[in-house]
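Colleague: Each chain, written out:
2 protein chains.
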Amino acid sequence: MRLCSQHRVPYFALSTGKNWGYGSASPARSGLAIDLGGMNQIRLYDDKLGYVRVEPGVTQAQLHGFLQARGGRFWLDATGSSPECSLVGNTLERGFGHTPYADHAAHASALEVVLPDGKVIETGFGAFGAVKAKHVYPPGLGPSLDGLFFQSSFGIITAMTIWLMPAPERTCAFFLALKSAEQYPALIEALRPLRLSGQLRSAIHLGNAYRVLPSFTQFPWDNLPEGGTLQGEALARLQQCHGVLAWHGSGALYGTAGEIREGRRALRRALRGLDVKLIFVDEGRLALLQRLQPLLARFGAGRLARQIDLLAPAYGLLHGRPTDRFLPTVYWRKRLPAPSQPDPDRDRCGLIWCAVLSELDGVQADAVQKIATDSLLGAGFEPAITTTFLSERCLEHVISISFDREVAGEDDKARHAFETLLNALLAEGYFPYRLPTFAQGLMDKAQGGYRQLLTTLKSAFDPGRLFADGRYTITNDSDPASPG
Amino acid sequence: MRLCSQHRVPYFALSTGKNWGYGSASPARSGLAIDLGGMNQIRLYDDKLGYVRVEPGVTQAQLHGFLQARGGRFWLDATGSSPECSLVGNTLERGFGHTPYADHAAHASALEVVLPDGKVIETGFGAFGAVKAKHVYPPGLGPSLDGLFFQSSFGIITAMTIWLMPAPERTCAFFLALKSAEQYPALIEALRPLRLSGQLRSAIHLGNAYRVLPSFTQFPWDNLPEGGTLQGEALARLQQCHGVLAWHGSGALYGTAGEIREGRRALRRALRGLDVKLIFVDEGRLALLQRLQPLLARFGAGRLARQIDLLAPAYGLLHGRPTDRFLPTVYWRKRLPAPSQPDPDRDRCGLIWCAVLSELDGVQADAVQKIATDSLLGAGFEPAITTTFLSERCLEHVISISFDREVAGEDDKARHAFETLLNALLAEGYFPYRLPTFAQGLMDKAQGGYRQLLTTLKSAFDPGRLFADGRYTITNDSDPASPG
Chain A
1 MRLCSQHRVP
11 YFALSTGKNW
21 GYGSASPARS
31 GLAIDLGGMN
41 QIRLYDDKLG
51 YVRVEPGVTQ
61 AQLHGFLQAR
71 GGRFWLDATG
81 SSPECSLVGN
91 TLERGFGHTP
101 YADHAAHASA
111 LEVVLPDGKV
121 IETGFGAFGA
131 VKAKHVYPPG
141 LGPSLDGLFF
151 QSSFGIITAM
161 TIWLMPAPER
171 TCAFFLALKS
181 AEQYPALIEA
191 LRPLRLSGQL
201 RSAIHLGNAY
211 RVLPSFTQFP
221 WDNLPEGGTL
231 QGEALARLQQ
241 CHGVLAWHGS
251 GALYGTAGEI
261 REGRRALRRA
271 LRGLDVKLIF
281 VDEGRLALLQ
291 RLQPLLARFG
301 AGRLARQIDL
311 LAPAYGLLHG
321 RPTDRFLPTV
331 YWRKRLPAPS
341 QPDPDRDRCG
351 LIWCAVLSEL
361 DGVQADAVQK
371 IATDSLLGAG
381 FEPAITTTFL
391 SERCLEHVIS
401 ISFDREVAGE
411 DDKARHAFET
421 LLNALLAEGY
431 FPYRLPTFAQ
441 GLMDKAQGGY
451 RQLLTTLKSA
461 FDPGRLFADG
471 RYTITNDSDP
481 ASPG
Chain B
1 MRLCSQHRVP
11 YFALSTGKNW
21 GYGSASPARS
31 GLAIDLGGMN
41 QIRLYDDKLG
51 YVRVEPGVTQ
61 AQLHGFLQAR
71 GGRFWLDATG
81 SSPECSLVGN
91 TLERGFGHTP
101 YADHAAHASA
111 LEVVLPDGKV
121 IETGFGAFGA
131 VKAKHVYPPG
141 LGPSLDGLFF
151 QSSFGIITAM
161 TIWLMPAPER
171 TCAFFLALKS
181 AEQYPALIEA
191 LRPLRLSGQL
201 RSAIHLGNAY
211 RVLPSFTQFP
221 WDNLPEGGTL
231 QGEALARLQQ
241 CHGVLAWHGS
251 GALYGTAGEI
261 REGRRALRRA
271 LRGLDVKLIF
281 VDEGRLALLQ
291 RLQPLLARFG
301 AGRLARQIDL
311 LAPAYGLLHG
321 RPTDRFLPTV
331 YWRKRLPAPS
341 QPDPDRDRCG
351 LIWCAVLSEL
361 DGVQADAVQK
371 IATDSLLGAG
381 FEPAITTTFL
391 SERCLEHVIS
401 ISFDREVAGE
411 DDKARHAFET
421 LLNALLAEGY
431 FPYRLPTFAQ
441 GLMDKAQGGY
451 RQLLTTLKSA
461 FDPGRLFADG
471 RYTITNDSDP
481 ASPG
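Protein sequence lines correspond, in order, to chains A and B. Quick note: the first sequence, position 425, residue 425 per the numbering used here, numbers continuous. Quick note: the second sequence, position 7, residue 7 per the numbering used here, numbers continuous.
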């Protein structure tokens, strides 16, 4: 970094380069790439309070293996992306997973940062040397700088402490399926009190039919006219064929046997009155279903057998086990099926994620869903949506645009669709919490004083604007309203 | 603020000026005081997701009254300090209370900040205008600046959103009393798994005999030699007289009847093997005890009657009800009893709090406790200590130094005692999470790169160093180790 500064060479950093849906390994602007993948040490493991200190190259699979080898007393929170994704990279982008530790940034502390001037600092109490509480109390003393290093270009994070979830006494996963899309807002409202009170602590994920179908099949090229989108009758037929309803959901209950009994009762009570299928799956039931699966397949219940096939990885995610089972879904618009070793970048799978937030509110969630559906169908893509109960009060809606980068013109068409979608969402106050590398211009929509402040901060950290410039930075801080 | 900048007048801000134990209304350095007490609007109340937007003058009592008048569906988290304390002031100092929402800074979002240059910004999504999720997702988009405005001198916060705890279906408070001080580390260890797993979500508070006695009585001036401290036989007699054991604790279980039953069972099981008294108090039991109280007092069980007298406010704190019942404890070393309207500043009660953190670990907690006891008894003060289970992994130890500011020389003696105590704690890695206004020099112990960064940030926000300079700021950023 010192050399880059001396020679005024723009540069950026990447961990494992698997920021799929948001630009993969690509930077916001070109520059020298500092590949941190080789920094893959787990520097520390505290098996009493449950935390690890990891470098940027440590992957989900690596930490999972590490913890399993030590008795599995603690779990990581895994995302549904590749097991080979960097934990630090995902956390710095404010990614999330499936368990009560789903909000990754909220479970990280004690950043080790190399500043653009080459100095190394630790945030929080680490700045004060050997402080006993440094891994467990992020703010330390005085102003807390942690927030500055997430989604930013102020320094390279070379280590971070990640808190782990203690393996609960018991767990019970639940899966739900909603028949009618009309009941989606009512479903959100029904689950809200349980999430707000803390009785449901996992980040419940809901996915619409468009989001669930790619787990079973690909775009039906043979049955649709060139340039068409899947909808109406054709969609209904495909759903029918794979047993996919309007919305599917997953979550889990964690705790003692008694707490889980209470949670099941509360969940059943909350969903009463909705046309929803709810099943609970614990270790025993999963094993039984897996034993039944070959029989089902042999005796013609192939649809059910394939559903069971997806159950284990979904169940695993709710238990902190990374999986590559959902990676093939990004081959939705490819002409050939996903290979046994999927690699979306190598195989030129197009994927853009538009990830916006709303309050945990049925009306707001429904608005996002309707905007996304109208906008993307209008632009020629299937509106695949997941809605995640990110916290007690906040929903995250990830709208995927899947396309085939090998088809000429599709890149531009998808980007244009993304921009149209984003503008429609912004107009109603639904803002993204995370940006693809090509869409960073949105930062300039911040109000004047804030834009100027971010520019001032960027200059304070990186006067030459050499490090990752353009990534979550302001490009235009002039304020027409106050020329002074 | 613009005027102060123009005329180069140092200034600082205060909300209600009740930062007791840390300097009350006094600044780190003298300057013009901007009193925000008159900004006392509750700007917004969301009764669906449970949040309010408050100005710096809004007090604990005010918000409590406001919520009660609207049906009490949501609770604030109250501290044991005065009902007239500012919510914003306490939150900005990273204060904490008693319920699962105890960590106040972790439940705040969307700061409205007046910067030293006079510009007004909103942090998080508020910077982007009318964003639906602005109150429920603090980071917004890009780097998060919130942390910069806690314990700092970068701007004046004129509004903040505070999340409220949904009133649980049922609650059950618990109170515990530990006979032998030797079992204190074992008690911490016994409670750790319950707190780490989330089965216990309230910020359990433990207080030693020195901390609990002032709720019942004052320093026994008549029975101790001039300049003496309470210990040994005299301490034992006073404890006996008031039924005070080595450590007392309080906490609560929240949830459905079934969850509470589970929690009680788990707590009993965890404490088995310790010489500890554990009682559970719900609404019904509290009412019964309060009805019995006059009878007990009349028939000679005055000690028990007085204990019941304290039960209601302690129970109330676990239910988000502010109380002034614990304020008289700071009159411990005064010659006259606390008046009916206590005011520690007016009555010149000396109080210094040394608030350090450790991991949630019996050995570390015991070390803090031993250092505090040895150090303060050596310096001529009673070592009153509370240990709070602040989060899943972190303990907060507040060590109080109580004295009488009307006695000549006591101010200096107390400050000297504080410094000796702090140094002894620092030497073992136990660092404060919050500083009295007169002890801000500790910030200079940060490592070189971090000190320089804080100085750079201060200059970026406040080039003239006019606002609250000396409060959580660096005064010496030169680094002898790296002269370059």
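Each hint should be verified, as a subset may be incorrect.
A pair holds if it fits inside one copy or across any two, identical chains being indistinguishable in the list.
Straight-line alpha carbon distances no greater than 25 Å define the calculated SDA-like cross-link-like pairs of lysine to any residue that follow [what the hints assert, rightly or not]:
{"hint": "1", "residue 1": "K413", "residue 2": "Q62"}
{"hint": "2", "residue 1": "K445", "residue 2": "Q68"}
{"hint": "3", "residue 1": "K119", "residue 2": "L295"}
{"hint": "4", "residue 1": "K48", "residue 2": "D444"}
{"hint": "5", "residue 1": "K413", "residue 2": "D477"}
{"hint": "6", "residue 1": "K277", "residue 2": "A234"}
{"hint": "7", "residue 1": "K445", "residue 2": "D309"}
{"hint": "8", "residue 1": "K370", "residue 2": "L224"}
{"hint": "9", "residue 1": "K179", "residue 2": "P100"}
{"hint": "10", "residue 1": "K370", "residue 2": "R348"}
{"hint": "11", "residue 1": "K413", "residue 2": "L442"}
{"hint": "12", "residue 1": "K413", "residue 2": "R348"}
{"hint": "13", "residue 1": "K48", "residue 2": "G362"}
{"hint": "14", "residue 1": "K119", "residue 2": "G71"}
I should point out that these hints are in silico values taken from the structure, not numbers from a laboratory. Predicted model only: the values in this text are computed from it and were never measured.
Colleague: Output the indices of the hints that this structure fails to meet, ascending.
Modeller: Structure breaks hints 1, 2, 3, 4, 5, 7, 9, 10, 14.
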